[in-house]
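Sequences and hints are given; from them, build the entire structure.
Residue-level listing of the chains:
There are 2 protein chains.
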Amino acid sequence: MSLIIIGTVAFDAIETPFGKTEKIVGGAATYASLAASYFYNKVKIVGVVGEDFHAGDIKSFNDHGIDTEGLQIKKGEKSFFWSGKYHNDMNSRDTLVTELNVLADFDPIIPDSYQDCEYLMLGNLTPQVQQTVISRLKKRPKLIVLDTMNFWMDIALDDLLGVIKNIDVLTINDAEARQLSGEYSLVKAAKKILKMGPKYLIIKKGEHGALLFHDDLIFSAPALPLAEVFDPTGAGDTFAGGFIGYLAQVGTINFASMKNAIIYGSALASFCVEKFGTEKIKDLTKAQISKRVEQFVNLSSFIIEK
Amino acid sequence: MSLIIIGTVAFDAIETPFGKTEKIVGGAATYASLAASYFYNKVKIVGVVGEDFHAGDIKSFNDHGIDTEGLQIKKGEKSFFWSGKYHNDMNSRDTLVTELNVLADFDPIIPDSYQDCEYLMLGNLTPQVQQTVISRLKKRPKLIVLDTMNFWMDIALDDLLGVIKNIDVLTINDAEARQLSGEYSLVKAAKKILKMGPKYLIIKKGEHGALLFHDDLIFSAPALPLAEVFDPTGAGDTFAGGFIGYLAQVGTINFASMKNAIIYGSALASFCVEKFGTEKIKDLTKAQISKRVEQFVNLSSFIIEK
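Top line first, the protein sequences correspond to chains A and B.
Following the UniProt record's numbering from start to finish, the first sequence increments by one per residue and tops out at 306.
Following the UniProt record's numbering from start to finish, the second sequence increments by one per residue and tops out at 306.
By construction, these hints were calculated from the structure, which means they are not laboratory data.
Don't take each hint at face value.
As the list claims (entries may be wrong) - Here are the simulated lysine-lysine pairs, BS3-like style, with alpha carbons at most 25 Å apart:
#1 B:Lys195 with B:Lys165
#2 B:Lys205 with A:Lys205
#3 B:Lys291 with A:Lys191
#4 A:Lys188 with B:Lys195
#5 B:Lys291 with A:Lys259
Next comes the structure, spelled out in C-alpha cells:
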C-alpha cells in the first residue's frame, strides 16, 4: 500500500518583489511529496534528475520518509531547470529560462516495490508520460489524481483527453476548466468535464479558493486571506500533495473526505507561499497544520438558525 | 424604528447575450429595498424620480410594505436613466447611456416620519449626498452601511473619506479596496480601511463570494456557482439590501449576525441575476429564500474531526 507521486524534480531560480534565490530544489513532485508526507508514511516518488542533483537533496526526501527508488539519476546529464520572475501582484509571472534537460526524454520507471500503489498522483507532465505510468501499474490504483495545465490543452489535447478518461480526480484552474470545456460558467464547464472521465473535478482559483464538483454536488473551499504572499511557486503542487496525502491517510474516498482533503491541501499551500521554494513546508509540525486548518474552519463557518 | 434606504430609483435599459429590455425600473434603492422587504417590514426609501415615473411603479414598492414618503417626484423632470450592454462573460459591461436628469441636483429630504431610523443604508451616490442624509437624521442610527464605487474615489476622495469616518459598515469590491488603501493584499487593505472609520468592511468579489473583516476576524462567504447568469444588474444592491434587512430583523449587530447577513444577502443576489432587472426578486417566497440559504450551507460546510 503506497502513494506514488510522479512529477518534475527540478532546480528553480525564483525572483519575487521580496528577493531572489539561487538554484533551489523545486518541481511538482518535490512539493507534492513533501506535503503528502505529513499525512501518510508510504509516499514514493517517480521522476528523473541529472547528476547535478546532490545526495543531500535526495536525503532530504528520505528524511521525510519519502521513497526515492523511482527517482532516476541520469549520469552526465542535467536536471530540469526553470527560472521565473513574479510581477508585483504575485499573480502573474514571466518565465525567464526553461531547460528541459533530463525531462526531454523522460521514461518513467516503476520499481517492483511500487506495485502496491493504492493512491496515484500524476503531477503536471506530458499526458503521454502520465498515461505510461498508469499503464505500467499492474493493478489499477484505488484513486488516480491528475494535474495538468493549459499548455497540454494547446499542444496535446487528444493525449490529454485520452488519459483523463482513466482518472478519478482532475485538478485544473478556472481558466483551464473554461478552455477544456468551452463553457464560461464553471457549473456548465464542470458538467462537461465530468462526462470526460473524472468522477471529481477540482477547480483551483488561487486567492479565491477552490471548487469541488461531483455529480450534482458542489463544495466551495475558501482560501486563507494572507497579508503577504512571499513566493507562490509550488503552491498548486503542495495543494495536490496535501490533498492526496490526506485521502491516503483516511482511506475513504467520498465527497465528505474530499472536502476535508481540499481544506488540508489548502492549508499546506498557505504555508508554501510564506517562504521561498520548499523552505516553509520542509519543517512543519502537526500542531502548526492543525492550527492552520482551524483557521480555515473559523474563516468559513456560520450558523443559520432554522 | 425603521430601516432607511437611500439611493437611485431609476429607469434602466439592459442588453445581455440573452436579450434586451425596454426601460425598466431599476436603481440601487429599488433593488436594495425590495431585498430588505423580505426580512423587515419598516423599510423606507429616500430618493428622487421624475414625472415619467408611473404610479404603478410606486405602488409596487408599497405592495412590498416599502414606505415611499421620502421618494420625491419632480414635476416636469425626467428620472435618472442608465443603459448598458453586458459582454459575453457577463463580468464586464459597456455603459451606453447615462442621463442624470433629476439626480443632478438631488437634495435628499428626510420626512419627519423617518426620524425613527435605526438602520441606514447609504446606496452608491455622491459622498456629499450620503453625508447630507446622515446630518439630517436627528439621532444617529444604530447601524450605518455605505456602498460606494471607484468613481467617487477618483473624483471625490476627500468627501468620501469624510463620510466613511461616520459609518459602521463599508461595502466595496476587491479592486476598490485596493484602490482605496493602496495595498494589493486584501488583508493589508482591510487593516488600513478599518482605520479610516468603519468597524466592518465587506469586500465583494462577485462570482468568488465576499470577505468580511472586523478587528482581526475574517469571514469568507462563498458565492453560489450558477449555470446561468442572466442579468447581473442590481446584484450588489440586492446583496446590500438583503444584508441590512436581515440585520434589522435580528436586531443584533456583531460578527456572527453579520456573517449570516452576508449569506442572506448573497442568497438574494443569487436570485437577482436569474432574470432581467427586479423581475425575480419581486416575487420571492420565504420558502424559496430558506431553500437557497440551505444551498449556501451545503456549499461551504465541512466537518474536521479533531
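Right, here's what the structure says about each hint:
Taken as a hint, the lysine 195 of chain B and lysine 165 of chain B pair is honoured in the structure, with Cα atoms around 9 Å apart against an allowance of 25 Å. Annotation: proposed proximity of lysine 205 of chain B to lysine 205 of chain A holds, straight-line Cα distance about 12 Å (limit 25 Å). Among the hinted pairs, lysine 291 of chain B with lysine 191 of chain A is consistent with the structure: their alpha-carbon atoms are about 22 Å apart, no more than 25 Å. A hinted pair counts as satisfied when its Cα atoms are at most 25 Å apart, and lysine 188 of chain A with lysine 195 of chain B does not qualify at roughly 42 Å.
The hinted pair formed by lysine 291 of chain B and lysine 259 of chain A meets the criterion: a straight-line CA distance of about 22 Å does not exceed 25 Å.
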